[in-house]
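Trainee: With chain G's structure known, arrange chain E on it following the hints.
This is what each chain is made of:
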Amino acid sequence: MSEEPVDVLIIGAGAAGAAMAWSLAETRMRIVCLEQGGWMNPAEYPTTRSDWEMDRLGAFGLSPNGRGRREDYPVNDSESPIKISNFNAVGGSTILYAAHFPRLHPSDFRVKTLDGVADDWPIDYTSLEPWYDLNARMMGVAGLAGDPAYPPKELPLPPVPLGKLGETLARGFNRLGWHWWPSDSAIATRDYEGRAACINLGPCIIGCAQGAKGSTDVTYWPVAIREGVELRTHCRVREITVDENGMASGATYIDEEGIEHQQPAEIVVVACNGVGTPRLLLNSRSDRFPDGLANSSGLVGRNLMFHPYAMVTGIFDERLEGYKGPTGCSIISQEFYETDSTRGFLRGYSFEMLRGMGPISTALFGLSSRRLPWGADHHAAYEDIWDRTAGMVVICEDLPEPENRVTLDPELTDADGIPAPKIQYRLSDNSRKMLDHAAARGIEVLESAGAKETRVEAPLPPAGWHLMGTARMGRDPASSVVDPFGRSHDVKNLFIVDGSVFVTAGGVNPTNTIQAIALYVADHMKKNLDQLFD
Amino acid sequence: MQRTLSAVLDELIPARDEEIPGAGSLGIGAFVETQLGDASSLAASGLTALDARARDRGAADFADLPTEERAPLLDEVAAQHPGFVESLFFHACMGYYQNPAVVTALGLEPRPPHPDGYELEPGDLGLLADVRKSGKLYRDV
Numbered sequence: 001m002s003e004e005p006v007d008v009l010i011i012g013a014g015a016a017g018a019a020m021a022w023s024l025a026e027t028r029m030r031i032v033c034l035e036q037g038g039w040m041n042p043a044e045y046p047t048t049r050s051d052w053e054m055d056r057l058g059a060f061g062l063s064p065n066g067r068g069r070r071e072d073y074p075v076n077d078s079e080s081p082i083k084i085s086n087f088n089a090v091g092g093s094t095i096l097y098a099a100h101f102p103r104l105h106p107s108d109f110r111v112k113t114l115d116g117v118a119d120d121w122p123i124d125y126t127s128l129e130p131w132y133d134l135n136a137r138m139m140g141v142a143g144l145a146g147d148p149a150y151p152p153k154e155l156p157l158p159p160v161p162l163g164k165l166g167e168t169l170a171r172g173f174n175r176l177g178w179h180w181w182p183s184d185s186a187i188a189t190r191d192y193e194g195r196a197a198c199i200n201l202g203p204c205i206i207g208c209a210q211g212a213k214g215s216t217d218v219t220y221w222p223v224a225i226r227e228g229v230e231l232r233t234h235c236r237v238r239e240i241t242v243d244e245n246g247m248a249s250g251a252t253y254i255d256e257e258g259i260e261h262q263q264p265a266e267i268v269v270v271a272c273n274g275v276g277t278p279r280l281l282l283n284s285r286s287d288r289f290p291d292g293l294a295n296s297s298g299l300v301g302r303n304l305m306f307h308p309y310a311m312v313t314g315i316f317d318e319r320l321e322g323y324k325g326p327t328g329c330s331i332i333s334q335e336f337y338e339t340d341s342t343r344g345f346l347r348g349y350s351f352e353m354l355r356g357m358g359p360i361s362t363a364l365f366g367l368s369s370r371r372l373p374w375g376a377d378h379h380a381a382y383e384d385i386w387d388r389t390a391g392m393v394v395i396c397e398d399l400p401e402p403e404n405r406v407t408l409d410p411e412l413t414d415a416d417g418i419p420a421p422k423i424q425y426r427l428s429d430n431s432r433k434m435l436d437h438a439a440a441r442g443i444e445v446l447e448s449a450g451a452k453e454t455r456v457e458a459p460l461p462p463a464g465w466h467l468m469g470t471a472r473m474g475r476d477p478a479s480s481v482v483d484p485f486g487r488s489h490d491v492k493n494l495f496i497v498d499g500s501v502f503v504t505a506g507g508v509n510p511t512n513t514i515q516a517i518a519l520y521v522a523d524h525m526k527k528n529l530d531q532l533f534d
Numbered sequence: 001m002q003r004t005l006s007a008v009l010d011e012l013i014p015a016r017d018e019e020i021p022g023a024g025s026l027g028i029g030a031f032v033e034t035q036l037g038d039a040s041s042l043a044a045s046g047l048t049a050l051d052a053r054a055r056d057r058g059a060a061d062f063a064d065l066p067t068e069e070r071a072p073l074l075d076e077v078a079a080q081h082p083g084f085v086e087s088l089f090f091h092a093c094m095g096y097y098q099n100p101a102v103v104t105a106l107g108l109e110p111r112p113p114h115p116d117g118y119e120l121e122p123g124d125l126g127l128l129a130d131v132r133k134s135g136k137l138y139r140d141v
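Residue numbers (this note's numbering), protein chains in the order written: chain G, 1 to 534; chain E, 1 to 141.
The following block holds chain E by itself, in its conformation from the complex:
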C-alpha cells in the first residue's frame, strides 16, 4: 500500500524540477500516514480501489501503470470515493511544504525561525508626510 500511496502522492504534487522529485518519491508518504487519523480507512479504500482498477488494466498495481494513465485513473477513483484525494492532498501539502529541500527551493533557509530570526528593513517613514498633514482625525467629546 505504501508503494501505491507514494505513486499517488507523486501525482498530487509532481516533481517540481530536476532537484526535487514528486511528494511520494521525496518520502512524504510516511508523514501522510501518521497524519491521516480518522481519514485512514477512507485512504485505504481509495488506494485499494486504485490498485484493483490498475489490475483490471493489466498492471500489477497503480504504480505499475504507465505514467500517462495514472492521473485519469486517479480522477475516476476520486469521483467514486469523495474526500479520498482531498485528505491525501491536504496532508501531502502539510508534509511537502516543511521538507528542507522544498523550503530551500522557496528561497528560505531550512531552519526554524528561532533562534536566528530574520532581518527586516525598517521602511521609509517619510511615506507618512501626507498623513501628518491631514489634521486631527478623532472627534472631540
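Here chain G stands alone, though its shape is the one from the complex:
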C-alpha cells in the first residue's frame, strides 16, 4: 500500500524523534513520524496498583527480551556482559528512564586533543549550549544554578528534594571534601506546562503515573502534534528505500494488522538510538548499498559504547525514607569526572545517587546479596536492610572500539520477521580500571556517610541503557557515518539524530545531549532548506 508522499519522515518517536518533530513543525512541512510502539496510558502504570513492584520483573522490566511486548524487538545480547535495556512506545526509552539529566562537559568534545584518546567531536559544547537550554525548557528540567562542575546554565525548575537520604549522602561527600550537587532532573518539581508536580512516588523507572517525569509523550509530542506533525503508532519500519540516484525515497513499514506500506518522503530522519538505528541501516540493503545504507565507511554498527556501570550500595543504621522520591535523581558527584592520569586510566565518571527501595525490592536485594535467609532469622535480617539502604551507580565513560558492535543476527527476528540486532561487546582494560577505582571511591563515600556495610556490583549486567557511537559523527566520510550536521555522508537526504552519532560517550546519562543534538540538527536543516541536499 503506497501512502501520500511527505516532506519529512521521522523514524522513532523517542527522545530524539520527538524533539526533531517539534522543532521542524514550525516549517509547516508535511511531517510524519513512524513509531513501532503505541501510546502509553499513565493511569495504568504500576504505581497505581498495590503490587507495583512486581512489574519491574515483568511488563516494565529492563530487557526487551523479557517483557513479552509485541512492540519491542528482541536483541541477542548473549555475547555481551552488559545487556540491552530499551523501550518501544511514544516516548521511547524515556518512558522508563530515570530522568537524570546532566549535560556533557566541554572537555567531552575534545578527548583526542586533551587526553590523546578516541576522537574529537566535530561540534563542541558551545554549539550545543543553546539547544541544551531550549531542551531544558521543553523537557522541564529541575536543578540548581552554580554547579562548579559546569559552565553556568539556567534551568527552569527548582531542584528535586534531597530528603533525609540525600542529606545523609551529602554529608558523606562533605566529610571527604568531594564535589556533589543536586542532580539536573527532567522532573516537574512544580506544575509545569500542563504537567502536574512530582509527588515523590519513587520508581520513575517503571513509568511516571503522575506525568511529572519528562518523557517525550508528555513533553514534545503533545505540542508537535498540535503543530501539525502526524504520529503513526504501531508502525514498524523494515527498511529505508532508495531511488536510482542513491537518495532515500522513503521507508517500507508494517502496520498493526501486518499490512505493508510504502511511505515516500523527501527527507528521512532516523531516530532509533544506538542499537535500533544501525539495525535499520543494516537492514536497508540494496544493489547500490549492499552493506547497508550510509555504510561506505563500514562503521555502521561499530564503536558501540555503553556506560559501564557499577552499583555500590550501603546499609545504614538509621531509616532513610528512601522509598520516597525519584529513584535516580537526588545528587550527582563529578569529583572524578575529568581525566587525571595518575589514577591509572583516562577519562572519568559520575556518581549518580540512588534512593532506597520498596519492600519487595528490599527482599530482592536481600536475596541477591545472600543476606536474607529463610527461617528463624528471616525477620531480623530483613529489618537490618529495610529502608536502611542507600547507594549510587557509577557512570563510567566508555571509549569507542570498532570490535564492539551491532550486527544483524542471522536467525533472530521480531514479530514481523525483520532481522533483529546482535551485540558483540567486551569491557576494555581502561573501563575495568575505572570501575575498580569508582567502586573503591563509592565505598569510601558511603562509609563516610555512615554505612556500616557496603556491596559492589560491577559491571552491572542490566545497565545497557545508554546506547551510543554506532553511526558516529565526523568530517571525514572514511571515518564517520554522518557529517557535523547529522546528515549521512553517503545519502544526502538521510539524517541521524540519536545516540548513535556520539563520537565519545562522556560519563553522564546521554538523553539531554541526544535531544540537544536533534534540536541543533533541526535548526541547521531549517536554516538551510534550500540547499539541504547539496
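Please keep in mind that the hints were generated in silico from the structure rather than gathered at the bench. None of these values were measured; they are calculated from a predicted model.
Listed next, the stretches of chain E that the computed footprint assigns to chain G, with coverage defined by at least 3 CB atoms under 8 Å from CB atoms of chain G:
(1) 8-17
(2) 98-106
(3) 111-119
(4) 128-140
Have a look at the derived ranges for each label pair, beta carbon to beta carbon:
(5) G:176 x E:136: 14 to 24 Å
(6) E:21 x G:196: 37 to 47 Å
(7) E:79 x G:148: 54 to 64 Å
With a Cα cut of at most 20 Å, we get these calculated SDA-like pairs of lysine to any residue:
(8) E:133 x G:144
(9) E:133 x G:176
(10) E:133 x G:178
(11) G:164 x E:128
(12) G:164 x E:122
(13) E:136 x G:179
(14) E:136 x G:154
(15) G:164 x E:125
(16) G:153 x E:136
(17) E:136 x G:178
(18) G:153 x E:139
(19) G:164 x E:126
(20) G:153 x E:129
(21) G:153 x G:133
(22) G:153 x E:133
(23) E:136 x G:146
(24) E:136 x G:148
(25) G:153 x E:128
(26) G:164 x E:106
(27) G:112 x E:139
(28) G:164 x E:119
(29) E:136 x G:145
(30) G:112 x G:476
(31) G:153 x E:141
(32) E:133 x G:148
(33) G:153 x E:125
We put the beta carbon where it would ideally sit given N, CA and C, even for glycine.
Mentor: Just chain E now, with coordinates in the frame of chain G:
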C-alpha cells in the same frame, strides 16, 4: 498439597510477631502457586517428598509433624531437591512483602504510591557551602 505448602511457607517466613502469622497462615500460598510457573513441578516433587518423609516418621503429612521437627526435615529435603526451597522462598517473599498487614508493619500505608504520593523534606542546601567555594571543576577547551 496446599496444606503442606502452607506449612512450608510458615517455616520459610515465620510469624513476625503476634499480629502477623507466618507466610502460609497469612495466605501467601495461593499467590505462590500462581507465580511458580516452570518451577511448579519442582515444587510439587519437593512437597511430595516432605509428606513422604513425614509419614516415615509416623505423621500424617508434613503439617502434622511437631513444629520443632519441620525445619530440620525441610533442610534435608532441600538438599536433595536443589532449587525447591529457593523458588518457594523467592515467591513467598514477593507475595509476603506486598501483603497489606506486612506493609503496614514496615511503617508504610497499605496503598499504591499513586495518587497520594509522599511528602519529602527539601533538605538543607546550605550543605553546599564548601562545594560552592571549591572553584571550577571542569576543564577549559
